[in-house]
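**Q** Take a look at the letters that make up each chain.
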Amino acid sequence: MALLTFKGGVHPPEKKELAEHKQIKILPLPEKVYIYTTNHLGAPAKIIVEPGQKVKTGQKIGEANGFISANIHSTITGEVIEIVKMTNAATGTRNDVVVIQRTGDDEWDLIPEHGDYTKKSPEEIVNIVKEAGIVGLGGAMFPSHVKMSIPKGKKAEYLIINAAECEPYITIDNRMMIEKSSEIVKGIKIIMHATGVKKAYIGIESNKPEAIEKMKEAVSGEPIEIKVLKTKYPQGAEKQLIYAITKKEVPSGGLPLDVGVIVFNVSTTYAIYEAVEHGKPLVERGITLTGEGVKNPGNFIYRIGTKVKDLLDHVGLVEEEKIDRILYGGPMMGIPLPDIELPTFKGNNALTVLTKDIVPKKESFPCIRCSKCVQVCPINLMPYLLKLQVEKREYDKAMEYGLMDCIECGSCSYACPAGIELVKTFKTGKKVARALKGRAKK
Amino acid sequence: MKLNIAAAPHLRTKDNVRSIMLDVLIALIPSFLVSAWVFGFRAVWIMLYTMILAEGMEIFIMKVLRKQKNFKPDFSASVTGLLLAMNLSLAVNWWQIFIGVLVAIGLGKHVYGGLGKNIFNPALVGRVFMLISFPIAMTTWYRPFYFKYDTITTATPLAILKEHGVEALYNNPDYAINLKSLFIGTVPGSIGEVSAIALIIGFIYLVIRKRIKIWIPITYISTVFVISGIFYMIDPSKYASPLFHILSGGLMLGALFMATDMVTSPMTVKGHIIFGVGLGFITMIIRLFGGYPEGVSFSILIMNSLVPLIDIYAKPRIFGTVRGGKK
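Sequence lines, in order, name chains R and A. The working numbering puts the first residue of the first sequence at 6, with every later residue one more than the last. The working numbering puts the first residue of the second sequence at 1406, with every later residue one more than the last.
Worth flagging that the hints you see were computed from the coordinates, not collected in a lab.
Derived pair list, reagent style BS3-like, types lysine-lysine, alpha-carbon separation capped at 25 Å:
no., chain 1, residue 1, chain 2, residue 2
1, R, Lys12, A, Lys1720
2, R, Lys367, A, Lys1477
3, R, Lys194, R, Lys124
4, R, Lys367, A, Lys1615
5, R, Lys312, A, Lys1407
6, R, Lys194, R, Lys221
Turn these sequences into a full structure, and let the hints guide you.
**A** Printed below as a string of structure tokens:
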């Protein structure tokens, strides 16, 4: 059978072998955690604790502030020692961070309304998800309760579970499916119940046969189907995933719901299960600590807000002079860390430590119009033409050429034999174009 | 710990412009060998001389005239040089070649801003300049395996066709013209254009290495096949067969290696098809009705000039939109 996929894309070295057979381990509790008020897309949470205050694991320390925002919780039991300002590498903004010192073992502050989902109304479930502060754990960190509240007049037909995990190196979703398959299926059923969706698909790349097998067993008898996808980057990009499975194109500038689809990541689904069934707010999640610069790569459950340095201490790093960069996430879209002392946030599904021999020495050439960027763009843009427009600051023209449609997957930059920074230009171009547009409206 | 901060993606393809150019040079090795076999030492000398001259001139222009101290050769000039040599007659001499290379690298490439900026295929700019400047040397042909130059000359298959018609074509006393000789390359012609099979082997190498815009040669050759086929069906006694047209002259070299020059061809598959069909039409118009026996060089230069327009016209439909607007 031909594997489902989309047009374009690239095939970077997978590097999954570093961690894919390592069982998920629960890491010991950290001594200190740093909880960003921007642990999600949207407005920063409003802090509701003060320095000196004792907090339990799962206790709410910040409240969602606005429609697109999310609660934040203490991820250990201890004492709030200070509130500081730190830059969040994921959102690029400087926000308050609640620093909590651990005083002992976990004392849980669970969500009281949890329990059997079948006895709950959709509104009640959405409310638990909201209380639990769950956001998209694939990396986008979009508040899940907003996604689960289907607006009036729209209808979600399909639920798609994004289990493609197309980023090289990262293996946590793969391990979650192998080790927690029945919990994930229960999570899917909770989302279906809350959104009224009758049919769910789980999209998994073909390079995860064990996960495919386990999930197939777990879904038998349920209206949930496993869809095996071709191993290709960016197979897990939302629009490409939806296209591969339903053959529907999310309209330019639109949302998956415009084609009747909602998409949740594997880890998000698991978090929803944990919140609804066990009342656990989002305080921990799975992560892959990997890369050639890590001595013992593996998959772990860790407390959100743990410092990167503390996490990496558990796996060990190779000699300092060999390390080139450390990334939040994988090598294709990952954000390089300026400093190892930074905390983690909800969207961290991996820390990838790349060594100097892996990161290519860049040699720049002029564009020779080889058209590789056009071939690989999953959105059918003409990256080389678009770059010219952005560089000329012709933002109107650039938008006509689809600047805002760029999903920033980086396939163009990956494939460019001239080493041209295409996607970087588009990212900054989008920011500027958005700012200019905002000003025009005012 | 000192950490590097750089833009994603943090992995990059191992390919670079230099490795692409090297692959093109590798793909031209079979043609190089066949030319050496058919035309002898003089062909080898011209090919090496042109290639080294082109690369040297590029280094001089970059380092001295454009003051790019860190310039490292990317072999694009070698490709230009070798392709120019393959488009030359054996009768040209060293200073004629020097002028041709100067025009190709200087006027064809660097006046536009160097690699990637030129509109026209630089090798063809050089070749056409030489054709106009040195018409006799550029259209003097020698028989295959006839290694005593400057004495007896002959005509290319296409020239025989233009001058004497189909009858004369297959009854040529100087050497055999049949599909087999055209395919292998034992006919007179430009140094590197004669052997279809050698060029095809190189092309297959580039296809395997994913280094070539394959739709350009496919549509170009198909268009030539269809147009010559129509005329052949109308009057086979007057017009040559489509296979003859495909295998003779510079069509194979032009379609496989000159029209597919990345810098001077369109960027999308739709663009490649438009480009290839246009090339086929212009080539056949020149061959059938024009004053020159051969039209490959001119058709490529004409279509090169249309590339910016084709690129804008042949934009792919952006994902999630309908053609001509948002969904």
